[in-house]
Amino acid sequence: MLTYIIRRILYAVPIVIGVNVLTALLFFYVNTPDDMARKILGEKNVTPAAIENWKKDHGYGLPAFLNTKEAGLATVTQTIFYQKSVPLLWLDFGRSDRNNIDIGREIGRRMWASLAISLPMFTFGVFIDLFFAMMLAYYRGTYLDISGVVFCVIMMSVSTLFYIIGGQFILGKLLKLFPISGYDTGVYSFKFLVLPVAVGVISGAGIGIRFYRTVFLEEINKDYIRTARAKGLSEAKVLFKHALKNAMIPVLTNVVVSIPFLFYGSLIMESFFSIPGLGNFTIDAIQAQDFAIVRSMVYMGSILYIVGLILTDISYTLVDPRVLFE
Amino acid sequence: MPTPVLEVKNLKTYFKTGAGVARAVDGVSFEIARGETFALVGESGCGTSVTALSIIQLIQDSGFYGGGQILLNGRDVIPLSEKEKRKMRGNKVSMIFQEPMTSLNPVFTVGDQILETIMLHQKKSAADARAAAIEMLRSVKFPNPEAIFDEYPHRLSGGMRQRVMIAIALCCKPDLLIADEPTTALDVTIQDEIIKLIKELKESMGTAALLITHNLALVYNNAETVGVMYGGKIAELAPARALFKNPMHPYTIKLLRSIPGRAMRARPLDTIPGSVPPATAYAEGCRFSGRCPREMQGCAAIEPLLSSREPGHFAACHLYDSDFMKTPDSTPLHREAEILPIISTPPDMRETLVKAAGLKTYYPIRKGLLKRVTGYVKAVDGIDLTMKKGSTLALVGESGSGKTTAGKTIIRLIEPTGGEIFFKDARLTHLKESELKTFRSKAQIIFQDPYSSLNPRLTVGKIIEEGLLTLKPGLDRKARLEKIASTLGRVGLDAGAMERYPHEFSGGQRQRVGIARALAVDPEFIVCDEAVSALDVSVQAQILNLLKSIQRDFGLSFLFITHDLGVVKYVADEVAVMHQGKIVEHSATEELFSNPKHAYTKKLLAAVPRMGNDF
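Residue numbers (the working numbering), protein chains in the order written: chain A, 1 to 326; chain B, 1 to 615.
Next up, chain A with everything else stripped away, as it sits in the complex:
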């Protein structure tokens, strides 16, 4: 078990380094610091001297990957890559280009607002989707099942924006149950969170229910389910004990990988509901063309994805005894 986990983590090391290099290529080579300076200082009346100044002030004054003017180790260390990208490996995000704020601290501060909506959204979402999926699987082939699937397809065909604006209009504006948008800290945040969480759960339900239903139906046709029935077990027991644990394998693939992303927040939800989380942070940074923040967020997204995959692999070992047996 421990060797398995260590091996999975070791596999991740080269991937993390690869991601770091690729991000640096994207931000320092494809889109050069000169481009950045020009965008920030204004395209038209910018002088080469102003660009050089901006670069020097923001730490982009060095060559991108190889400093031929220096000797020895300094050829590598006196570069933008080494100064700006390598510290990302130990999660040192540096300072933003515009306001010179500490990005790491800002992430640490805003993460909690993101979590406040994404965690309940995720938890309720998974349980509600699984519940309805199992109900449809239990009543498979009946009109309840068929109409449920049709309803799911309708739900997944509607844009998320529709749920957001619809929810804000009906629950916020007409019924005045919740504030349309905004955020507060501590327990006061509750009234602000209900609406985005509800909208998030509902907008994802169509896809979730349909996927889990398919997973359950696939399990229900397996031979061991027939054995369970032949033992005299009730259909509910067959479904909730025998099928569920096996169905957890594909379900986990889908679910666990997204757990780390709960920290990352949601771009659309946060900007529509004015939640001061990381999603909002990213959108603001894109609008302000603050490349240091965007680069940090892109890199962090990749890292969280890798963490998600490792967690998925580990979670398999908890439900499927066959994984460790190779």
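Accuracy of the hints is not assured; some may be wrong.
Within a straight-line C-alpha distance of at most 25 Å, the following computed PhoX-like cross-link-like pairs (lysine-lysine) qualify [what the hints assert, rightly or not]: (1) K92(B) to K222(A); (2) K92(B) to K237(A); (3) K83(B) to K222(A); (4) K237(A) to K85(B).
Only part of the chain A face toward chain B is listed, based on derived beta-carbon distances under 7 Å [stated by the list, open to error]: (5) D223; (6) T227; (7) A230; (8) G232; (9) K245.
Read the hints as simulated data drawn from the structure, not as lab findings. Remember, it's a predicted structure, so these values are computed and weren't measured experimentally. Just so it is clear, CB atoms sit at the ideal spot from N, CA and C, and this is done for glycine as well.
Let chain A serve as the given structure and place chain B on it in line with the hints.
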């Protein structure tokens, strides 16, 4: 007379399908006395499994009962509430299925899966139930029941899993045990073990058994009464010995004659033309009409009733209905076609076609943090084989013995780890893939599973053409199409088959496509990897005849990989017995069967159920 454990009366189990109502079981009646073993025999699609699932009341979704009764200890189970049915399942009636590999839940331990049944049906404390489960594991012959209790199914072999299934089925001492093809998926030596175990346990518990199988030898040795099913009906019902000694129904007679091994090697096997009709489209009269060698004018229109010739022996055939035989309906339609003997002279065993010397195929075992190679699975461990031109060499052995790996290595579908392969004296082992082209067209393979070995998205024409395109690049399109059409004709399919997709064919026809695919590139050597194992007896006979006739016509050499010794006896000139990656015995077929030398060969031969000398 005491009430029988089970009385099935005119049972009709139907399914709603897109093509109409499928009458899978259509008026079946039989009874099983306490402690008796009743065998239900039939090819796939004849309704045996549906009968079993009806008895345990596990017909799903689109199925429904069109009539009849299933009396278990005198009480009809069909009208029972779901709750009462659950009390019956696993407790009064239990079932073992064909697929031990998939019938156990992979995420629960063996012990949990037995405990579950005990706790469900018996009022026992957790400790008592655990003790009972361990006792049950001991009685299915696990030497270490406590350890097995905590194992997960994937750590057990097929035979061990089937023993766990038996433990689950018998832990509540049921009145009736249904065993649906319990040994079909297992190796012959394991089959013997499992069937003996079932027999021993059912006798000690006084349980009656319904044995569903297509293996007639198994029936002969283990059942008291036999029902032969065809087209959802019982065609013949008889005490086992009487059925084998004196079969009445033309279907039974044909079925018995199509078993390979018993027939003379020089003669083709008896076959039944066509295939089992679909359950949505049965003839109004006898369902065997159209395939029956003794069909009479009225057979297709008038339904035959069960008639008896001797006590307890019934057949649903007009031949035994004296009233029917007096009417003009009894005019024979056609005479049984004379079987033309294949003039098969024993092959001239002088010319060597393929030779393997010291052939080895190892798979690395990787362990630990860095996945270092810590050892090897020696799938093929230094074998020497010589295949003579125009002859058949059978490679027999149990699953895991390495026979399939050996076959694939010889035609270099798997790279050998060591040793040499020669084709007509040319050394193949060191040729690169690009240099192998000539050899590839000369050596072909036919796979076991006709369902999964053909690409479902390609037409049959394209499947065959693919080989021609790579291996016969000289042919233009017209020549290729001619070649495909003539090859299809040779394997008994019409040229129209070219435009159709694999799923439109039956299992036997697909295997013909597989043979055509191999044959199209003019091979001299074909590896038949369990090529007839997945087929029903009567279809198997058709395919074996086909293989023998193309061998004679094209002078082919076959490497016949199989676990079925009956097939070996019928097709092989020589036999090599493989055990744990090594060849333990290699001799002429007659010699091997009459005078086995190696202990393993003796064990293998002893495990094969025999049908005695009754016919």
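Hints, verified against the model:
1. K92(B) to K222(A): holds (24 Å)
2. K92(B) to K237(A): holds (20 Å)
3. K83(B) to K222(A): Holds, at about 23 Å.
4. K237(A) to K85(B): Distance ~15 Å between K237(A) and K85(B) Cα, so the pair holds.
5. D223: Holds - the Cβ of D223(A) comes within 7 Å of chain B, reaching about 4 Å at its closest.
6. T227: holds (5 Å)
7. A230: holds (5 Å)
8. G232: holds (4 Å)
9. K245: holds (5 Å)
Hint violations for this structure: none, all hints satisfied.
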